[in-house]
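For this one, chain U is given, so just place chain P on it according to the hints.
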Amino acid sequence: MLNLYAKILKTGVLTEKVSKPAHDETFEQIGNSLKQVVDKHFRGSLAIRQVDAGSCNGCELEIHALNNVFYDVERFGIHFVASPRHADILMVTGPVSRHMEVALKRTYEATADPKWVIAIGDCGACGGEFGISYASCGAVSNVIPVDLTITGCPPTPLALLQGLLILCGKFK
Amino acid sequence: MTDQHNDIIARFCKQLEEQNVKATLLSPSSLPPNQVLEIEAGAWGRAAETALNCQWRWAGVWAEQLDSQFSVCSCFEQQGIYLILRCYLSTSHPRLPSQAHFFWAADRTERNVQDMFGIQFEDHPDPRRWTRHQAWNVNEYPLRKDFPASGVNNTETPPDKSYPFLKAQGASVYEIPVGPIHAGIIEPGHFRFTAIGETVLNLEERLGYIHKGIEKIAEGRNPASLAKLAGRVSGDCTVSHAWAACLAMERAAEIEITTRAAFLRGILAERERVINHLWDLGALCNDVGFAFAFYQFGRLRELWLRENQAFFGHRLLMDKIVPGGVVIDMTPEIDKKIRTSIKYLCKELDELMAIIDENSSLEDRFLAAGILSPELATALGALGFVGRASSQSFDVRHDAAYAPYTQLDVKVPVEDQGDVASRLWVRYKELRVALRLLEEMLDRIPAGELTVTWKIPPAGAAGFSAVESWRGEILCFIRFSDNNTISRYWPRDPSVINWPALEKLVLGNIVPDFPVCNKSVNGSYSGHDL
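Note that the protein sequences, when read in sequence, are chains U and P. Letter 59 of the first sequence, counting from 1, is numbered 59 in our numbering, and no numbers are missing. Here our numbering runs 1000 ahead of the position in the second sequence, where the first position is 1.
Bound conformation, chain U alone (with noise of 0.2 Å):
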């Protein structure tokens, strides 16, 4: 046991060098600013529920990495939610399958108003490598209404949290 808490404070607070002009400074001033709008729209909290629609769970991966240590997303009032019945902004990952078609429109019926959509990398905003086809209806907007589409296969962890950006300024 002692180990691991020497380990923890040997680790430290990881998140704080992220602020320093070498690692990400962009991503720090991005966050503070869209911790603002949480804080004046949303008192502090902005609940995501991501849901994959089809994706070939890269961009999973970077979703994730918005919750380590580096990112820390949730120092913003920026947090991932289990239920749609929770969440302000559904962060969906296309292209969606023809399969997942009626579970996303559900998905979009069950969160409550006011609400928001992110279409999250290519695919979810354009169809990306699968497009449309038997099996996929491609873009996110095809299925459902979408307010902003962050791109990129996979979008980083900052492209993520930009377009979070983007979506609160919208809000004003």
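Hints may contain errors.
[As the list claims (entries may be wrong)] As a list, the in silico SDA-like pairs of lysine to any residue whose alpha-carbon atoms are at most 25 Å apart:
# : chain 1 : residue 1 : chain 2 : residue 2
1 : U       : Lys7      : P       : Lys1411
2 : P       : Lys1336   : P       : Leu1450
3 : U       : Lys105    : P       : Glu1205
4 : U       : Lys105    : P       : Gly1184
5 : P       : Lys1504   : P       : Ile1255
6 : U       : Lys10     : P       : Trp1304
7 : P       : Lys1411   : P       : Ile1338
Since the hints were made in silico from the structure, they are not lab data.
Positioned in the frame of chain U, the structure of chain P alone reads:
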């Protein structure tokens, strides 16, 4: 081919003969370096029974539509030899006996062939559909050439409400339906539990929710475009799937990449292994509430992701393997930095694994949870760390080595408890092996070109490859039509084989242990559903 390999195949042919199965070994093989054995369709089941008796592992089945007939291939492996059984069927009433009576792994995969091609496996033990939900009709078969990739009827796809799940009856039995959308940042699929109290009586998986038509939209692509698609079969295996596809295409085109390019591919693949194993070690601990390890391993993983970006231009290393070679290179500066970070990671792992090893609550949750016995693992043909945690020592890099692993000494760690703890420790040991391999590759990488000139393969040329991803063996079959275009792409992700293992190993465990059991197998939904 060594004499020993020839003996194994000759013995199998002799056994087939004794069973009155007429078999022709193609010479020269149409899919070198692997062997192809043509048999009559009527003997498809008997051939599988003979293969079982001769201790072959069943590894996959695929079909393709040729000019006036279908061909069906099933792939067997023994001591690193891949043997492909092939038969031909008429397009009017394509039917053949099932191999699922003898190999569990053939069950869903044959149903997939049935859904996609309309080829009927006559005596299949489970006649239900598998890949098809409601996006196309029962009498439509997407992988037939007359089915348009754009689909026939693209109105809203209704939910798949009529799939007949196995029912259990009794006063205290109840069902828990989970998914397709799960409560987390995770891919979609449906799990139907039958439970008594907290104990899992049965688990039935229903996958196919993210079927994106990968095999169909591969048709007509050029090699570069196919490599890009292959890199998106399963995002966490992007390097390995792209490698498998490129290797199959290169074999079809009869070109050989440079040794330098092979080493660079190896470096990418081992980095992918390191990153994914780091993620799984953290996530396994997180699933039993040990957040410390989740954040520590997440930290180490992010450092390597950033290095991937800095050294090779992409965090997940997508699109770095191309037909004919690679589009990255190694410089003395990168070499030095990678060595430094390997040393750092080794030191960190020593510290962290000591903490994990002495944590009694982790031991309590991991030990004896989700046991997959070695016998069951053999019967299922379990792959990767799932197999190796249950005494299955197979590793393509070791047993059917391809460049650069032909020049390297790949150690294959094996455990025999078959529980969650074994699957965690096998991952850790594989991670250490990967780090050693990386150092060895840095030591020995020769000078040379990064790519060789692509040679357009003749119409009908085909290639087959096997590559060891971090998740296990990936198989890939590719056929070209004329003008350098793909007419068939069949990737087989290890998840296809390992998903049924989860159904078995969770039995008798309590429902709250399902997340950690699931994570310990960590199947790819996308790689399975295609």
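- Task: Mind checking the alpha carbons of Lys1336 (chain P) and Leu1450 (chain P) for me, to see if they're no more than 25 Å apart?
- Result: With Cα atoms ~20 Å apart, Lys1336 (chain P) and Leu1450 (chain P) stay inside 25 Å; holds.
- Task: Could you grab the alpha-carbon distance between Lys105 (chain U) and Gly1184 (chain P) and see if it respects the 25 Å cut-off?
- Result: holds (18 Å)
- Given the hint that Lys7 (chain U) pairs with Lys1411 (chain P), test it: the Cα-Cα distance must not exceed 25 Å. The hint is violated at about 30 Å.
- Item | Restraint status (C-alpha distance of Lys1504 (chain P) to Ile1255 (chain P) at most 25 Å) | The given pair, whose Cα atoms are some 43 Å apart, is violated under the 25 Å limit.
- Message: Between the alpha carbons of Lys1411 (chain P) and Ile1338 (chain P), is the straight-line distance 25 Å or under?
- Response: Distance of about 21 Å is within 25 Å: holds.
- With a cut-off of 25 Å on the C-alpha distance, tell me whether Lys105 (chain U) and Glu1205 (chain P) pass. Holds. Lys105 (chain U) to Glu1205 (chain P) sits at ~23 Å (cutoff 25 Å).
- Query: Does Trp1304 (chain P) lie within 25 Å of Lys10 (chain U) when you go C-alpha to C-alpha?
  - Reply: holds (20 Å)
Hints 1, 5 from the list above are not met by this structure, while the remaining hints are.
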